[in-house]
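Participant: Sequence:
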Amino acid sequence: VVLRLFAATGYQGFYELHLVTGCRALRKISKSLDDPALRRPMVLYFWRAVMYTYAAIGNPAFPSTMPTVDNRDTLPDWEELLREGMPVTDTHFHKLLWLCKDEALLLDQERDTKSDQLSLLYHITGVRIVANFTAGNDWVH
Numbered sequence: 012v013v014l015r016l017f018a019a020t021g022y023q024g025f026y027e028l029h030l031v032t033g034c035r036a037l038r039k040i041s042k043s044l045d046d047p048a049l050r051r052p053m054v055l056y057f058w059r060a061v062m063y064t065y066a067a068i069g070n071p072a073f074p075s076t077m078p079t080v081d082n083r084d085t086l087p088d089w090e091e092l093l094r095e096g097m098p099v100t101d102t103h104f105h106k107l108l109w110l111c112k113d114e115a116l117l118l119d120q121e122r123d124t125k126s127d128q129l130s131l132l133y134h135i136t137g138v139r140i141v142a143n144f145t146a147g148n149d150w151v152h
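Residue numbers (the working numbering): 12 to 152.
Source of the hints: derived by calculation from the structure; they are not laboratory data.
In this text, a Cβ means the ideal position worked out from N, Cα and C, and glycines have one as well.
Take the hints with a grain of salt, since some may be wrong.
[To be verified] Distance ranges between label pairs, derived from CB positions: (1) Ala66 x Leu44: 27 to 33 Å; (2) Ala67 x Ser126: 38 to 44 Å; (3) Ala60 x Glu121: 22 to 28 Å; (4) Asp46 x Asp149: 40 to 46 Å; (5) Lys125 x Arg59: 30 to 36 Å; (6) Met77 x Ser41: 21 to 27 Å; (7) Thr76 x Ala48: 36 to 42 Å; (8) Glu121 x Thr145: 26 to 32 Å; (9) Phe73 x His105: 25 to 31 Å; (10) His105 x Val61: 43 to 49 Å; (11) Lys125 x Ala60: 39 to 45 Å; (12) Lys39 x Asp81: 26 to 32 Å.
[Claimed, not checked] Simulated pairs of lysine-lysine, DSS-like, Cα-Cα distance not exceeding 27 Å: (13) Lys112 x Lys39; (14) Lys39 x Lys106; (15) Lys125 x Lys106; (16) Lys42 x Lys112; (17) Lys125 x Lys112; (18) Lys39 x Lys125; (19) Lys125 x Lys42; (20) Lys106 x Lys42.
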């Protein structure tokens with residue numbers, strides 16, 4: 012959901028990028044919690060943040076169609092994306108690009124349809140932020 016919300020901002024939403032990084036942090040932290048009673052409030056508070064952000068930015072429409080796994084062959088590989096993004100000086104850009112790469116590669120190891128789709132969304136997010144920043148665009152606050 013957070014990747015789709017970020018996509019709804021044209022891959023430029025400053026607050027939404029933090030939802031993407033926050034979602035990853037939540038996933039990593041929740042793995043270390045054995046007690047579901049600790050996980051549940053964490054997830055609920057995160058979802059509140061997602062919903063508050065969605066409302067605060069005017070409830071943008073989510074993309075009506077999601078890319079298919081077949082589209083992946085036409086995307087630049089991660090090494091090319093990292094090379095293209097190297098001149099960008101924005102730290103949030105680099106953090107998000109590396110996060111997208113790491114999450115996509117992690118999901119590729121799962122080898123199921125849901126993971127393939129999510130991996131593709133991370134890959135497309137990486138492609139779009141590189142395109143935005145190398146074209147001189149910046150985050151939208």
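Participant: Confirm or reject each hint.
Facilitator: Hint check results:
1. Ala66 x Leu44: 27 to 33 Å: Because 28 Å falls inside the window, the suggested range holds.
2. Ala67 x Ser126: 38 to 44 Å: 30 Å, violated
3. Ala60 x Glu121: 22 to 28 Å: 26 Å Cβ-Cβ, so the 22 to 28 Å window holds.
4. Asp46 x Asp149: 40 to 46 Å: This hint holds: roughly 42 Å between Cβ atoms.
5. Lys125 x Arg59: 30 to 36 Å: 25 Å, violated
6. Met77 x Ser41: 21 to 27 Å: 25 Å, holds
7. Thr76 x Ala48: 36 to 42 Å: The hint (36 to 42 Å, Cβ to Cβ) holds, given that Thr76 and Ala48 are roughly 39 Å apart.
8. Glu121 x Thr145: 26 to 32 Å: Between Glu121 and Thr145, where Cβ atoms are some 30 Å apart, the hint holds.
9. Phe73 x His105: 25 to 31 Å: Given range 25 to 31 Å: holds, Cβ gap about 26 Å.
10. His105 x Val61: 43 to 49 Å: Cβ of His105 to Cβ of Val61: about 24 Å, so the range 43 to 49 Å is violated.
11. Lys125 x Ala60: 39 to 45 Å: 23 Å, violated
12. Lys39 x Asp81: 26 to 32 Å: 30 Å, holds
13. Lys112 x Lys39: 16 Å, holds
14. Lys39 x Lys106: 16 Å, holds
15. Lys125 x Lys106: Distance of about 24 Å is within 27 Å: holds.
16. Lys42 x Lys112: Holds. Lys42 to Lys112 sits at ~20 Å (cutoff 27 Å).
17. Lys125 x Lys112: 17 Å, holds
18. Lys39 x Lys125: 19 Å, holds
19. Lys125 x Lys42: Since the Cα atoms of Lys125 and Lys42 sit roughly 19 Å apart, the hinted pair holds (cutoff 27 Å).
20. Lys106 x Lys42: 21 Å, holds
When the structure is compared with the earlier hints, violations turn up for hints 2, 5, 10, 11 and for no others.
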